[in-house]
Amino acid sequence: MKKNILEGIMVVTGLVCLGSGLAELAGLISQWIAALVLVVAFPFFIIALGLWCRASQKEGDYPFLGY
Amino acid sequence: MIVELLAAIIIGLLFHGIHRKVIARLQRRPGPPVWQEILHTMKFAFKETWIPKTASQEMFVAVVLVAIAIWSLALYIGLSGGSLLLIFAIYLLHKIVEHGMGLSSGSPYGKFGAIRSVISASSEIPLLATVAVIYFFTGTLQISEIVTWQGVHGPLLILAFPAALAMYVVVLSKMPYSPFGIIEAKELVSGNRTEHFGVWRAGLEVAFAIKTFVLLYIFVVIFVGALSPVVMLIAMLILLLSFSFICSFSAMLSPYDAVTVQVMIISIIAVYILVLGVAA
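Chains A and B, in that order, give the protein sequences.
To convert a position in the first sequence, counted from 1, into the working numbering, add 271.
Quick note: the second sequence, position 165, residue 161 per the working numbering, numbers continuous.
Think of the hints as simulated: they come from the structure by calculation, not from any bench.
Heads up, some of the hints might be wrong.
BS3-like cross-link-like pairs, simulated, lysine-lysine; straight-line CA separation at most 25 Å [stated by the list, open to error]:
1) B:K91 to B:K107
2) B:K17 to B:K170
3) A:K273 to B:K107
4) B:K91 to B:K170
5) B:K49 to B:K107
6) A:K274 to B:K43
7) B:K39 to B:K170
8) B:K17 to B:K107
9) A:K273 to B:K39
10) B:K39 to B:K49
11) B:K170 to B:K107
12) A:K274 to B:K49
13) A:K273 to B:K43
14) B:K17 to B:K39
15) A:K274 to B:K91
Based on the sequences and whatever the hints tell you, model everything.
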């Protein structure tokens, strides 16, 4: 997956995680809805963060196919 | 909730590190530093990641996401004093994750691990027995109400000791290097986790850190009761050290022996429930 796509997933899910917490603190959504949003978004954030760290912006080399 | 989740991940990883350190020191080895599991997770997150050609791609990735999601939910249920039955359901979902993790990999080692995860399903029955005994005593399965009940009548650790023992074995069976950890025995390389490396393994380490935190927390809450955060962490650490002690001196059981021991515990609990029923 391209780095910019992973960056997008990471930023969106990260903002959703933070937003659910803030919305709960502000009393805009209930505790259970905030928890469910976090439960869904957090795994995607963790995986996107890890993949984004390793992703390259340029094309990779052709793999070595053997002699 | 996000703060609690991040704290649970860091504390869970530290607990894993302490567990490894204590096992090593009891075996007269220096062992890794206690923060090794945090470094380990970060190391995996920066490693090259791909999906094996023989793997079921969607399942291979989905199990990692599901593992993090279900234990995050369990953490929330535990901290908010929700239903013990939901924790039990998540524990069963974790079994599906373990199974799917191995089967999706396409590796024979992973598949053997997955098959062993089905065999080790016997470890879920003591949990069911524990839930039944707790309901018998308290008349509720809401964690918050169980805590309130203990505030009036005293800790269930004393009043329902056999149930605590059964739950202790359940938690022990999920600890790293456990004598019941047959799904990741060394003869299967890393068992059902063999093919999950790089970011996938980092995700699994995060999920398992939350799992360890949740299981230790739930044990202390339902058998000791409400404690202040610092005392709770100390109680969880003492519980963890007792697991480390057992793991350091017990060889990993064979699949047959692991099931036999767990069935024996179930039998003891079944007799205990019958005696309670007759006495009532």
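Take the C-alpha atoms of K39 (chain B) and K170 (chain B), compute the straight-line distance between them, and say whether it is at most 25 Å. 23 Å, holds
Hey, K274 (chain A) versus K91 (chain B), does the alpha-carbon distance stay inside 25 Å? The hint is violated at about 33 Å.
Satisfaction of hint between K107 (chain B) and K273 (chain A), Cα-Cα up to 25 Å: Not OK: K273 (chain A) and K107 (chain B) at ~31 Å, beyond 25 Å, violated.
Hinted pair K49 (chain B) and K107 (chain B), Cα distance within 25 Å: 15 Å, holds
Hint consistency between K170 (chain B) and K107 (chain B) [alpha-carbon to alpha-carbon, up to 25 Å]: 19 Å, holds
Please verify whether K17 (chain B) and K107 (chain B) have alpha carbons no more than 25 Å apart. 30 Å, violated
Hinted pair K17 (chain B) and K170 (chain B), Cα distance within 25 Å: 18 Å, holds
Distance restraint between K274 (chain A) and K49 (chain B), which requires alpha-carbon spacing of 25 Å or less: 22 Å, holds
Taking 25 Å as the top limit, are the C-alpha atoms of K91 (chain B) and K170 (chain B) close enough? 11 Å, holds
Are the Cα positions of K274 (chain A) and K43 (chain B) separated by 25 Å at most? Satisfied, since the Cα-Cα distance of roughly 15 Å is no more than 25 Å.
Straight-line Cα separation of K17 (chain B) and K39 (chain B) no greater than 25 Å? Within the cut-off at roughly 19 Å; holds.
Given the hinted pair K91 (chain B) and K107 (chain B), is their alpha-carbon gap at most 25 Å? 14 Å, holds
Hints 3, 8, 15 from the earlier list are contradicted by this structure; the remaining hints agree with it.
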